[in-house]
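S.K.: Sequence:
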Amino acid sequence: MKEKLTRNIGVKILSVVIAAILWLVITNTNDPIRYETFTDVPVNIKNEDIIITKNQSYEIIEGETISFKVAARRSIMENISASDFDVSADFAHLSSVNSVNITITPKRYKDEIEIVDRGDVQHMIVSIEEIHKEQFKVNVVDKGKVAEGFFLGNKSAKPNIILVSGPKSRIEKIKQVVVEADVEGASKSNIQILGPMALDEEGNVIDATRLTFSTYFIEVGLDLYKIKEVPLKINITGKPADGYVVTGVEYEPKTVEIAAEDSILDNLEILEVTWDVTGARENIEEYLDLDEKVDEEIHLVGEDNNVSINIKIEKLESKEVSIWPNDIEIKNKSDNLNAEFITKGPIKVNIKGPASKLDEINRNTLKPFINLSGYSSSGTYFLDIQTELSDTEIYDTPKVVLSLEKEQ
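All the letters of the sequence shown, read from the start, carry residue numbers 1 to 408 under full-length UniProt numbering.
Keep in mind the hints are simulated off the structure, nothing from the lab.
Please note that the accuracy of each hint is not assured.
As the list claims (entries may be wrong) - Each pair of labels, with its calculated beta carbon distance range:
(1) Ser403 to Glu250: 17 to 27 Å
(2) Asp86 to Lys188: 46 to 56 Å
(3) Asn283 to Lys226: 31 to 41 Å
Stated by the list, open to error - Straight line, CA to CA, 27 Å or less: simulated DSSO-like cross-link-like pairs of lysine-lysine:
(4) Lys319 to Lys399
(5) Lys315 to Lys357
(6) Lys155 to Lys188
(7) Lys367 to Lys352
(8) Lys145 to Lys155
(9) Lys239 to Lys254
(10) Lys344 to Lys367
(11) Lys239 to Lys352
(12) Lys367 to Lys333
(13) Lys155 to Lys239
(14) Lys239 to Lys293
(15) Lys319 to Lys239
(16) Lys155 to Lys137
All residues carry an ideal CB built from backbone N, CA and C; glycine is no exception.
With these hints in hand, go ahead and build the complete structure from the sequences.
M.R.: What follows is the structure, encoded as structure tokens:
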């Protein structure tokens, strides 16, 4: 029997070796070893309460994410991802220089996966800081575009002040706290419940990890109004300096778009604002800020709400014009009275106004008149000469003598 077992022993051993080699070749051919690199894998922190319970917090200086390379057979590699690895740093083993090893452990196929490269970052380094608290105003920012013909008006937040706590270095980066309201296609006022976000000086969102907000639910009220286009009218108030007068007002635009509650829009057909010219001695060329002129419940639509305004101020001058009684129109005379001028010869009328107007005034354009309203009986009357010319006035008002007699 022994001879049978040992007979051709070399051949038998060689056969076994060849069979093993063939098995390995076949296996590696059908299910070869593959390599995979996982990048930017977050490192899970264990036992962080060791720091937090001491009224402290931390900032990760290095090792928040890592990259590593693994080897496994193709059949296994096709079924695993970064989530199949426990990548962690245990603060229970934090060193005196605030550094801790990062461990990488497969959650499954432990005996069939090899970590072949742990990457450049193999330690997590942290900075231990005291907890810092600071209050911030809650700003509402809108995202999207409201429906055509509507305007987004008041935006309110409740609460409008929030307390944020966390590592001092992270708190110091906060420029503002905002909530982002989606208004895309909105056509009516609404309320949204939104979470706060901390932004840095450049408007980037600050990672809220290890930041604590006094509330995570902000009630945001959004007021939407219909838009209406109305004419704009500039009313001049006050008086220029003595001896000066306003002779013209030009402004652009002539119409503006406004938004408000329906009850206001329905009763508003023209937007009137004022400009004070008190004491002016020269032309005025300015920009009028409508935002400062309209009531709070009226919202101006558009980014530029400035009105270009030009007001012409001229110095008053005087001119003497000679007229005759037959140049004077008699107004409001009773039908049963006859009127006859007793005044004869030329009458000197002194006119005061801006030079641009006085140049146009003569006997033919003055259009003087007397007003007989209230005169109903016969008699002789002394009456002031008047004129309807704008931007001018008669001074040292001349009088004419008129006889009224009832018809027989």
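S.K.: Give a verdict on every hint.
M.R.: Taking the hints in turn, this is what the structure says about them:
1. As the Cβ distance of Ser403 to Glu250 is approximately 48 Å, the hint placing it in 17 to 27 Å is violated.
2. Asp86 and Lys188 have their C-beta atoms about 51 Å apart, which keeps the hinted 46 to 56 Å range intact.
3. Separation of Asn283 from Lys226 is about 39 Å and conforms to the stated range, judged on CB atoms against 31 to 41 Å.
4. Restraint check: the Cα-Cα separation between Lys319 and Lys399 comes to about 18 Å, which is no more than 27 Å; the hinted pair holds.
5. At roughly 11 Å between alpha-carbon atoms, Lys315 and Lys357 fall within 27 Å of each other, so this suggested pair holds.
6. At most 27 Å may separate the alpha-carbon atoms for a hinted pair to count; Lys155 and Lys188 meet this at roughly 13 Å.
7. Our distance criterion of 27 Å between C-alpha atoms is met by Lys367 and Lys352, whose separation comes to about 15 Å.
8. Note on Lys145 and Lys155: the hinted pairing holds, with a Cα-Cα distance of about 15 Å set against a maximum of 27 Å.
9. Taking the CA atoms of Lys239 and Lys254, the gap is about 24 Å. The hint holds against a cut of 27 Å.
10. Distance check on the hinted pair: Lys344 and Lys367 sit about 18 Å apart at the alpha-carbon level, within 27 Å; holds.
11. About 16 Å separates the Cα atoms of Lys239 and Lys352, which keeps this hinted pair within 27 Å; it holds.
12. A threshold of 27 Å between alpha carbons decides the hint, and for Lys367 with Lys333 the separation of about 17 Å falls inside it, so the pair holds.
13. Pair hint Lys155 plus Lys239 does not hold up; C-alpha atoms about 41 Å apart against a cutoff of 27 Å.
14. The straight-line distance between the Cα atoms of Lys239 and Lys293 is roughly 20 Å, inside the 27 Å bound, and the hint therefore holds.
15. Proposed proximity of Lys319 and Lys239 is supported: the alpha carbons are some 22 Å apart, at most 27 Å.
16. A distance of roughly 13 Å separates the Cα atoms of Lys155 and Lys137; the hinted pair therefore holds under the 27 Å criterion.
Hints 1 and 13, counting from the list given before, are not met by this structure.
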